[in-house]
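Enquirer: In case you want the letters, here they are:
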Amino acid sequence: MSYSTGLYLLCFLPCTTLLYYLIPLRFRFLVLLASSFLFYLLGNGSLPFFLLLSTLIVYSAALLMNRLGGREKKKKKRLLWGSLLLLFGLLFFFKYFNFFSRNVNLLLGRLSSGGKLPILSLLLPMGISFYTLQAASYLIDVSRGKYPADRNFGRFLLYMCFFPHIMEGPIARYDQLGTQVYEGHPFSYENITGGLQLILWGLFKKLVIADRANMFVNTVFESWQNYHGFYVLAAALLYTLQLYAEFSGCMDIAAGSAQIFGIQLAENFRHPFSSRSINEFWQRWHISLGSWLRDYVFYGVSLSRPFKRLSQWARKRLPAHLAKWFPVTCALFLVWFGNGMWHGASWKYIFYGLYYFFLLSLGTLLDPLFRNIPGRLGIGKNGRAYRGFQRIRTFSIVVIGMLLFRAASLKTGIKMVFSIFRGFSLSVLTDGSILRMGCDGADLIVLSAGLIIMAAAGHLKERGKNLRGEIAALPLPVRWAIYYSGIFSVLILGAYGTGYAAVDFIYAHF
Amino acid sequence: MKRHPAVRYIIRSISFLCILFLLLTAAGDILAPKDNTHLGTYDYGGFYGLPKNTLDTAVIGDSNASEGIAVPELWGNYGYTCYTSGGAWHDASQSYRALKEILSCQKPKLVILETDTLYQGSGIAAAENSLKTMMESWFPSIRFHNRFKDLKAHDFISPKDYSWVPEMHGYSYRTEITPYSGDYMADTGASAPLDPTQLFYLNRIVSLCRKHHVKLLLLSIPSPNGWSMAKHKAVSAFAGSHGILFLDYNAALEKTGIDWQTDTRDTTHLNYSGARKVTVSLGEYLSQNYRLPDHRGQSGYEKWQEDYEAYRRTVPEN
Amino acid sequence: MLFHKKEASSKNAEAETELPGISRLISILESMKPGVDFTNEISLIDSHILDSVDIMSLAMDIEEHFHVEVTPLEIVPENFQSANAIYEMILRLNAAR
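Residue numbers (my numbering), protein chains in the order written: chain A, 1 to 510; chain B, 1001 to 1318; chain C, 2001 to 2097.
Chain A on its own, in the form it takes in the complex:
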């Protein structure tokens, strides 16, 4: 059961909401717990056994850690690393074991040794990539002393399995979500309507934009050998927009669902395409993953003892600028490798992460060289022209990255990137061949209109406008007209039903 199905929107969510507000405040979290279990059962096909296991590991480890005094630092450390090993061991097993086996077998094959690791047919427990990181963040925070361990198992369990974020995140932090999710919230008409509006917006992005763009994107990527030049560029571009529309749309449905219960989920997207640098992009795209990697990998590694020794060594042996760049780059390597790996067990994803790592490190390394060029050319760094250039540059880098991300394999991806430069011609826009790519004329018009609306909304929000609030302040006939247009756009223009292939949520597979 995914978030954009009738079953979720018309059965599961209304029933859960009704039950939640009928039960006394103190026990409301139980409704969420029960429905989250049901959601997991329906979505995963089996009960959340491994989720419970991870929850228990972290819950007990945190309590034990709190019980150990300040003197037993070594014990605490061993406990922390042991539990993290178990936690990530489970993730590794389900997600990466086959990748590991295949590559080891390849290597062993070359060395002509007899042993072979088995390839198991494993089904990934739903949400494991997301809840593992969540559990780890809680444990590490407790070990750092950020907050004490929680004795309340029900509260902690709900934090882990809460149905709006179990499938695709956002990856929550305990101090932000724990209390919220456990406290019963009183009925609020604004929360219900606000949540429904957000869900509607998410559905619009998923069904009208993303699933429609998917038709074009699929046509090119499924038989990439037949396409080159503009087609490939257009497919990469549309895929970037599709992924954004779908993932941020899903986040809107999740956040809207949570809001119905008075719970606020963390932001996961902040109009990323207005970013002027790759760094900024990753602070606006899949924010919860970026901040997890920053807080727990980057900071954790950079401020660790072995790492400090590395930087001291660097300061002694390397020239000043390199001395600073080197240790930070090592830490960043782990971050980006982690980012790539998290997305999937394949060289393609690892390359994807390292693609950004390479560009970022290069950027930092060469920064002293390029820093003064705009000034010397007489272009203001804060001028509109320069900002526009930065945005286009960042966007292009992202689109190439997404091309690699979507391609069937690393090899295919690289070939596709090069194929853009073969026979590139814009005449495909006018000779009608663009209409044979899975989207007919009407589809392209609807898609363009949807993209414009999405861009406009993003632009207004970037300027600080609270769109939902402003619409709610309009006179009743006007705002109802807007809501009805939204509902009708989704129902009539949505790319679902006969004539369209159902599109799975992309990030649900991670």
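Hints in this document: simulated from the structure, not taken from any laboratory.
Each statement offered as a hint is correct.
Straight-line C-alpha distance at most 27 Å; calculated DSSO-like pairs for lysine-lysine: (1) K308/A with K76/A; (2) K1052/B with K1211/B; (3) K1100/B with K1052/B; (4) K146/A with K77/A; (5) K2033/C with K316/A; (6) K308/A with K2033/C.
Stretch by stretch, here's where chain C covers chain A in the computed footprint (C-beta under 8 Å, at least three residues): (7) 134-146; (8) 301-309; (9) 325-339.
Cβ pair distances, simulated, as ranges: (10) L25/A with C1105/B: 49 to 59 Å; (11) S396/A with F1200/B: 52 to 62 Å; (12) L25/A with F1016/B: 26 to 36 Å; (13) W1089/B with G82/A: 44 to 54 Å; (14) K316/A with G2021/C: 18 to 28 Å; (15) E2041/C with L322/A: 20 to 30 Å.
For each residue, glycine too, the CB sits at the ideal point set by N, CA and C.
With chain A's structure known, arrange chains B and C on it following the hints.
Expert: Frame of chain A; chains B and C shown alone:
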């Protein structure tokens, strides 16, 4: 003061939903096709054009139903009036909807349900599909939402004209051959229990037939890829416990004389060669077990004869 | 300055040194990001002047020059919004030693 906001919210919500309902219904009138040629796949909606109260036998199910029975030959050999309203990948909820639509304009004496439809999806997917079917039957605007691309002026002003009937009365005539060899009906001990959602709609079909005093026959058309002994057992058990006749040609291939070297177009569906054999057998079965009238030569049934003659021009008797 | 024996520095020796003033901090910041008015800027994080890489670099410099250990718990926006905020954090960490 405390009651007032609540009352206001309730009134607002209810009126919002009511207006939404009205708007959706109005949109449905515009979006619904004005003729019945493309109400679904496989000539699904062609029964609307049949002369009133002439249909005696309705066949519902998925693509197996549409490709498995050479409907016009039932008229040619027995004078039975029959129409197959099948649909690609139709599950029990969609077959149920087909039956409801047929009963809204015809009074058949017999309904034949091709049982492959009971295995079109299971679990959550089946539940979601049946919810979608339900929404579609309430809101034609959802069912035909994709027609926004084809809207023309007459969609807004013309009334519906559902007078079309396909020549072959719902039979989908195919001649390709893909030979099959194997024993797909071997008893492997596997079980294929009916999915709860499918079972729910099967029961609704049974009750609907009872309510309209229509006989129900469960039929399984030969299909190597589609059927199995496990499915046979499950459906037989249901039929037995509900006192419904179940005619499974897969478990009695010799009755039809099906030859898997020539009679299937893709190892799932029958081609004309296979459908003809099944129809001969089925016609015999119907004549022995049901008192269906022979309407040949009767006034009011001329269209059936016309369509049969047109059919014979396309598919010559050999 | 009496502390030329850097390799042999012990905790006692460190405790005896005076904590460098905020001017040292500002010179570190300026060499890291020239052109920024660190004396007056109060939204270093919110205005994206310093990013996470800069903060790590700064943390290492702080450890080297001020001899206090910056832990991950301290890496919050409030501690790095201005030179004053950073120096307050340093003072706090120094007192806790």
